[in-house]
Amino acid sequence: MAAPAVLVATFVVGGGMATSLAQSLGLFPLVGPPSLTVAAYAAQASELPAGIGLSLAIAAASTLVACLVGFTAALVIVQGRWCGKLVAALGTLTIPVPHIIGAASMSLLLADSGLLARLFNTGGGWPELVGGPWWIAVVAEYGWKESAFVALVVTGTLATRAVSYDETAALLGAGRLRRLRHVLIPLSMPALAVCATIVFVYSLGSYEVAWLLGRAYPEPLPVMALQLFNSATLTARPEAAAVAMVTTTLSFGAVAAAFAYLRRSTLWR
Amino acid sequence: MALTLPPDVGVPLSWPSQPGNGLRRSRGLGRALRVLLALALALWFILPLVPLALWAFADRWSFPAVLPQAWGWDGVRTALAQGAVPAFGHSLLLGLLVSAFATPLGVLAARALAYHRVPFAPAVSVMLFAPLALPAFVAALGLNVVLLRLHVPAFAGVVLLLMVYALPYTSYTMRVAYGAHDLAIEEEARLLGASPWQLMWRVQLPLLAPALARAAFLAFLVGWSDYVITLLVGGGTIVTVPLLVAAAAAGTGNDATVALLSAAAVLPPLVLLLGLGRFGRRPNGGRP
Amino acid sequence: MNGTVTVEGLSKSFPGTSTPVLDDVNLSVEAGSCTALLGPSGAGKSTLLRAVSGLEVPDAGRVLVGGQDMAGVKPERRGMAMVQQRPLLFPHLNVLDNIAFAGTVRGVPKRTARVDAAEFLDLVQLEGFGRRQVTALSGGQAQRVAIARALAARPSVLLLDEPFSALDPELRSAMHALLAELRRRLNPTILMVTHDRSEAAVVAENIALFSGGRILQHSSVELMYSRPASLEASRLMGGANEIPGTVCNGSHHSALGVLPLPCDTAWPTGPGILLARQESIEVSAADGAGLQATISGLQGMGPRRLVTLDAAGVVLRAEVPWGRGLAVGENVTMHIPTSALAVVDDSDTAHLYADADERPSLTSRGRAALTGVGH
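Residue numbers (the working numbering), protein chains in the order written: chain A, 1 to 269; chain B, 1001 to 1288; chain C, 2001 to 2375.
Don't take every hint at face value.
[As the list claims (entries may be wrong)] FRET-style restraints, in silico, Cβ to Cβ:
id	chain 1	residue 1	chain 2	residue 2	range
1	A	R161	B	H1151	36 to 44 Å
2	C	G2072	B	F1063	53 to 61 Å
3	C	G2297	B	Y1115	44 to 52 Å
4	C	A2136	A	L68	56 to 64 Å
5	C	R2106	B	R1031	22 to 30 Å
6	A	R161	C	P2015	17 to 25 Å
7	A	R161	C	V2073	21 to 29 Å
8	B	R1031	A	L68	45 to 53 Å
9	C	R2106	A	R161	41 to 49 Å
10	C	G2009	A	N121	26 to 34 Å
[As the list claims (entries may be wrong)] Derived, one-sided and incomplete: chain B residues facing chain A with beta-carbon distance under 7 Å:
id	residue
11	V1152
12	V1245
13	A1247
14	G1251
Hints in this document: simulated from the structure, not taken from any laboratory. Every residue, glycine too, gets a C-beta built ideally from N, C-alpha and C.
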């Protein structure tokens, strides 16, 4: 019964990777005979390090923001009361917002003519958040949307058991901070690690947010790949595929690292 | 995209509060800090959506005015002129088709993994989660050539890819549901004389309905929200709301249009989410 | 800290419920004693335990430990520990670190805390289990670890919330023995919630009987069985025989005749319901001296049999051992020892029958049906 799902997934994931790899190695040219070559990788060799560094940095920063804010929000939500309800409701509100819409809103919020610039009325001294050198708007968008994701997932794991363990720890003499450190954080860690991996991999391999809110140079890997893919030059397609393969390698590497961490964790069933 | 639903979807906008709890009591400074923290988080979640609401019906809002100077329907007119209606149709169709395919596939896979001996079960699990690890643009970029050579229609190709990207969510949601589902209840129903058909309609389906609704909603969201797969595999022939928003946002001076389209893109799934809260309520047998 | 626990006028309501969970509860237990909080579910026992521990903030009243008011003292500073029905072992820590938890959070060096924890592990007879994952424990083992973890916090008051009710009978007996051993060695004050009368009698020397958010009676186990303070207390303790009548000159007059009451108590004259524990009633062959009765029903009850007797229109129940050829319809002689008798006010029906003589002769079953006091 699992066969249909596995078949389509294998076709898309396996097939997508295989064809990207084949294209990057010159085995699937748009014109001319196929020939095995690493020319596409070589052609982008000078651009790749900056792209890799930038992509990893954006993904790491976004993951950090999402996890910190998300975990804090989860703690507030689990506490209950109206504070928790409010945060839960507003976090839930972000679920149906597509990332491209989130990016468009971030632009309306953070751009130099955006809502915040108007509110603080800095008179032209507004920092370059959108399209600036620090990719603030991009990280803010990922951090915003994914922090709600982290908050709701961690809430889900904490909601069922946090209260009883929290009480048990309190009666064993643990104060608020000790309970956070010795009980709530360890209990949330596996869920947090899974979330962090998903957020990292998503922000590493996502195109539209960085494309809309980023700057022209340097480019993160997905933007680089799609620019090459859409360019008029015929040799650019294998190069796009090469960048895609580099992104894939980083992505799978991150997942493998996360698995290695989770396997050591005793909470992972 | 990373998707999830609030853990207690039955009451999405109200959280179970712990009554009169001694641990959750705080006074003075501590209490003030907690309220401040909660408000800051609330602001963090809501702030990016504020410009959408303001811009959507702003006809004139020149810098540095803090609020729009003239309200009106210009944004609506421009959006309609740019093809908002067909784009909505495309997005809706995409979301519904992805949901219609990914949900049953996820259910079948989850049920197989939960109750049957599946050959290479760990590999199957990995494969179902693999779309989360493979950036969508890689799959789209690679398969584009294959789909073209196989003469797969662009729309079908987009649905196929999005369906796979929805599978992790549908199969995971259903696995959790089957994990919590007590097989003894089905056995009890059989012993009470239910035929397999009745078992499915009268026991399994009502018990799993909330999870099914969640899975279908998440799959819908994958189709509704997608940008890069529609762009690459659709090859520009399928214009959905996200593509329209992206095109408008990439230009300048379209702020009102962008905001209106964005707000309109958020509303249908939001309504669905709220509906899910009503429908997704657990059947309250047992405990009140 | 001295572990005397005093509860004064404690009340607690939860939002959305009309009746209070705790209604002006007063209770005082001595340091080092073990008191069972007994009662049907929903009677407020667990809420009282949570209020004593500080997990629940009462609406009114106060909790004193060693004479010190606990209002405003956080749960983690009260010197208590609780073991619940679910062991709630921290899944991210192994067995030893679970027991060492209280030490760790108090800032004791990890190594010292573990050495200390190992001693408590020995105490609950789980030597060598320290490095195990908590998921690898059986239910009984997990509950032992939970007890060790609670004791390692050196509580002056140990709170037990139905700690053994998820265990099978054999394990439960073993845990009762363990608890007795732990009391002998460490002697904390123990408050234990249970809905099992026999468990309360095995573990505790005192019972506080709960019903509807109030304490009906707080006394030693012996008095709880032999001198129930009210009809409701008697029923909650499983008493099956209620004979209406009047008390006069230290004797009870009823359809059964005149039965002398224990002389250690001054029984007030007036209408009263005679209680006779079914365990104490002796049934013998019809030729003996005593009350004549006819057997109207027989029912197996584990190691004994419940015999329903009809004596002069009064229905009585007696527990007798197996192995005696009793049959329905047989005439027997029954003997009720004076020490097994007690009289309580008929609070249910006293207002209905101002004049005691007009009272209809009712069996306990019939009265329950009449007054709506169901089980």
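Here's how the hints hold up against the structure:
1. R161(A) - H1151(B): 36 to 44 Å: 53 Å, violated
2. G2072(C) - F1063(B): 53 to 61 Å: With Cβ atoms ~54 Å apart, the hint holds.
3. G2297(C) - Y1115(B): 44 to 52 Å: The hinted range 44 to 52 Å holds for G2297(C) and Y1115(B), with Cβ atoms some 49 Å apart.
4. A2136(C) - L68(A): 56 to 64 Å: 34 Å, violated
5. R2106(C) - R1031(B): 22 to 30 Å: 26 Å, holds
6. R161(A) - P2015(C): 17 to 25 Å: Given a distance of about 24 Å, which is inside 17 to 25 Å, the answer is holds.
7. R161(A) - V2073(C): 21 to 29 Å: For V2073(C) against R161(A), whose Cβ atoms are near 26 Å apart, the range 21 to 29 Å holds.
8. R1031(B) - L68(A): 45 to 53 Å: 23 Å, violated
9. R2106(C) - R161(A): 41 to 49 Å: Since R2106(C) and R161(A) have Cβ atoms about 24 Å apart, the given range 41 to 49 Å is violated.
10. G2009(C) - N121(A): 26 to 34 Å: 60 Å, violated
11. V1152: 11 Å, violated
12. V1245: This interface hint holds because 5 Å falls under the 7 Å limit.
13. A1247: Given a least distance of 10 Å, the restraint on A1247(B) is violated.
14. G1251: With Cβ-Cβ at 11 Å, over 7 Å, it is violated.
Of the numbered hints listed earlier, those contradicted by the structure are 1, 4, 8, 9, 10, 11, 13 and 14.
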